[in-house]
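Quick mapping for you: the protein sequence lines, in order, are chains A and B. Residues in the first sequence are numbered from 1 upward in steps of one, following my numbering. Residues in the second sequence are numbered from 1 upward in steps of one, following my numbering.
Hint data in this document are derived by calculation from the structure and do not stem from the laboratory. The structure displayed is predicted, hence computed values, not measured ones. Be careful, since some hints might not be right.
Claimed, not checked - Counterexamples of contact, computed for chain B against chain A with all Cβ distances above 10 Å: (1) Ile11; (2) Phe13; (3) Gln15; (4) Asn45; (5) Phe53; (6) Val76; (7) Phe116; (8) Ser121; (9) Thr135; (10) Thr136; (11) Ile163; (12) Thr164; (13) Glu166.
As the list claims (entries may be wrong) - Subject to a maximum C-alpha distance of 20 Å in a straight line, what follows is the list of computed SDA-like cross-link-like pairs (lysine to any residue): (14) B:Lys74 - A:Phe33; (15) B:Lys170 - A:Lys89; (16) A:Lys46 - A:Tyr18; (17) B:Lys44 - B:Lys70; (18) B:Lys54 - A:Gln102; (19) B:Lys74 - A:Asp10; (20) B:Lys70 - A:Arg44; (21) B:Lys54 - A:Asp51.
Stated by the list, open to error - Here are some chain B residues the structure puts well away from chain A; computed CB gaps all over 12 Å: (22) Ile3; (23) Ile16; (24) Ile131; (25) Leu230; (26) Ser233.
The C-beta atom is built at its ideal place from N, Cα and C for all residues, glycine as well.
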Amino acid sequence: MKIELYPDMDERDNEIEYLEYDIDENAPIKELFDKIHEEKNIPRFKEFILDENQIEKIPCEYYIKSNDKSYSSFQFIDDLDQKISEFQKNGNDNSLSLMINQSIGFVN
Amino acid sequence: MLINYNYSEEIDFVQISKDLETSNSIICIENFPESDEKLSNFIKNIGIPIEDFKNNKIKTVFDVKVMKQKGYFKSVANSNYTFPLHTDCADYEKVPNCIGLLCVQPAENNEGANTFVDLESILKQLSESEIELLTTKKWWFRKIYKPILEIDNQTKSIFYDRITMESFTKLDTSEKMILNKLDQIFIQNSFKINLKKGELILFRNDLFLHGRESFEIDSNRLLKRIRFTLINS
Ligand SMILES: [Fe+2]
Chain A
1 MKIELYPDMD ERDNEIEYLE YDIDENAPIK ELFDKIHEEK NIPRFKEFIL
51 DENQIEKIPC EYYIKSNDKS YSSFQFIDDL DQKISEFQKN GNDNSLSLMI
101 NQSIGFVN
Chain B
1 MLINYNYSEE IDFVQISKDL ETSNSIICIE NFPESDEKLS NFIKNIGIPI
51 EDFKNNKIKT VFDVKVMKQK GYFKSVANSN YTFPLHTDCA DYEKVPNCIG
101 LLCVQPAENN EGANTFVDLE SILKQLSESE IELLTTKKWW FRKIYKPILE
151 IDNQTKSIFY DRITMESFTK LDTSEKMILN KLDQIFIQNS FKINLKKGEL
201 ILFRNDLFLH GRESFEIDSN RLLKRIRFTL INS
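In isolation and in its complexed conformation, chain A is listed as follows (with noise of 0.2 Å):
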């Protein structure tokens, strides 16, 4: 399946990635976005120094992007184990248009 890989929110200037994926479309979306992580060597933590003695690792976030350009249309995979055929394919040639944040809105 095509996958249009949308840059972080951080880096909004950089170019769409086009990706293909040879999947089951019934297992978890979950399993996409490993192989994306994988594939791209996106770490799957952002590290934080809350102060010389603490370190805390909070997760990367997955978006999935609803149907305009503007990144207020990304919204929000609470379920990552939701099935990948149940999200809509608004990319491009019937591609599935996500976004994996890794830098907005994980201090406050």
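Since the structure of chain A is provided, determine the placement of chain B with the ligand on it from the hints.
This is chain B with the ligand only, laid out in the frame that chain A set:
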């Protein structure tokens, strides 16, 4: 330092705006209703609330409470840890100059107190050369590069959020020493407020740093947060 009001439909918004514009005080409005909509509409009388994609259904309000999933907190704000003194949105292009915090449920046993330090007290502790350094040396606040202090004839502002400054950028030893000294000054000059249920505090995000003390992880502590920019600024 604290100006008190009681919530009512006829509350004096003009005076509240003036208090926020001109004084270094924190405003406390007692008996505020527990409603996102009322909070948002109330603030619209004195400022322009900032919407955020992570906020509640009412897009200007965020619930500050413990949120832990599969062993990880959703954000540092959603943990039960001490939150060191900081500016909100220091990494935004336009930093909102006010914050409102409505206490829906305080933490048990006086834990989770809100902490503050005001810019005037900080400046009194700094030498001229230190102020010079803090107004000229720029720091990365994630993608925004700017000094910690901004001082001109008309206005003074502080921007500080060490967690953001240190987690997205590698600081060298001398930079860490500057921040360590600042943190020490902040803590020494800070004061705390134990909010009661139904109290809404409003304060300047550019004139105060704020933080909180830690509390038990299973606490029901809930503050509703709204960020806004005063209409006349
Ligand atoms: Fe904050």
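Here's how the hints hold up against the structure:
At roughly 28 Å from the closest C-beta of chain A, the C-beta of Ile11 (chain B) stays outside 10 Å, upholding its exclusion from the interface. Here Phe13 (chain B) stays apart from chain A, with its beta-carbon at least about 27 Å from theirs, past the 10 Å limit. Remark: the non-interface label on Gln15 (chain B) is consistent with the geometry, its nearest Cβ contact in chain A lying 29 Å away (cut-off 10 Å). Under the 10 Å C-beta cut-off, the non-interface status given to Asn45 (chain B) relative to chain A holds; the minimum distance is some 25 Å.
At the 10 Å boundary, the C-beta of Phe53 (chain B) falls inside the reach of chain A, the nearest C-beta of that chain being 7 Å off. Listed as outside the interface, Val76 (chain B) is inconsistent with that label: its C-beta sits roughly 5 Å from the nearest C-beta of chain A, within the 10 Å cut-off. At roughly 15 Å from the closest C-beta of chain A, the C-beta of Phe116 (chain B) stays outside 10 Å, upholding its exclusion from the interface. The non-interface label for Ser121 (chain B) is consistent with chain A: the shortest C-beta to C-beta separation is roughly 22 Å, beyond 10 Å.
Distance check on Thr135 (chain B): its Cβ is at least 24 Å (rounded) from any Cβ of chain A, clearing the 10 Å threshold; non-interface status holds. Once the 10 Å rule is applied to beta carbons, Thr136 (chain B) is consistent with being away from chain A; the minimum gap is 25 Å. Look at Ile163 (chain B): its CB is around 5 Å from the nearest CB on chain A, not clear of 10 Å, so calling it non-interface is violated. Not every C-beta of chain A lies more than 10 Å from that of Thr164 (chain B), the closest at about 5 Å, which undercuts listing it as non-interface.
With a minimum CB-CB distance of about 5 Å to chain A, Glu166 (chain B) fails to clear the 10 Å threshold, and the non-interface call is violated. A threshold of 20 Å between alpha carbons decides the hint, and for Lys74 (chain B) with Phe33 (chain A) the separation of about 18 Å falls inside it, so the pair holds. As the CA atoms of Lys170 (chain B) and Lys89 (chain A) are separated by approximately 39 Å, the hinted pair breaks the 20 Å bound. As the CA atoms of Lys46 (chain A) and Tyr18 (chain A) are separated by approximately 24 Å, the hinted pair breaks the 20 Å bound.
In summary, the hint linking Lys44 (chain B) to Lys70 (chain B) is not supported, as the alpha carbons are separated by about 37 Å, beyond the 20 Å threshold. Restraint check for Lys54 (chain B) and Gln102 (chain A): satisfied, since their Cα atoms lie roughly 14 Å apart, inside the 20 Å limit. For the suggested pair Lys74 (chain B) and Asp10 (chain A), the alpha carbons sit about 18 Å apart, so the restraint of at most 20 Å is met. As the CA atoms of Lys70 (chain B) and Arg44 (chain A) are separated by approximately 14 Å, the hinted pair is consistent with the 20 Å bound.
For the hint pairing Lys54 (chain B) with Asp51 (chain A), the CA-to-CA distance comes to about 25 Å; that exceeds 20 Å, so the pair is violated. A cut-off of 12 Å between C-beta atoms confirms that Ile3 (chain B) is not in contact with chain A; the least separation is 25 Å. With a minimum CB-CB distance of about 24 Å to chain A, Ile16 (chain B) clears the 12 Å threshold, and the non-interface call stands. Consistency note on Ile131 (chain B): stated as away from chain A, and its beta-carbon is indeed over 12 Å from all of that chain's, at 25 Å minimum.
At roughly 21 Å from the closest C-beta of chain A, the C-beta of Leu230 (chain B) stays outside 12 Å, upholding its exclusion from the interface. For Ser233 (chain B), the requirement that its beta carbon stay farther than 12 Å from each beta carbon of chain A is met, with the minimum near 22 Å.
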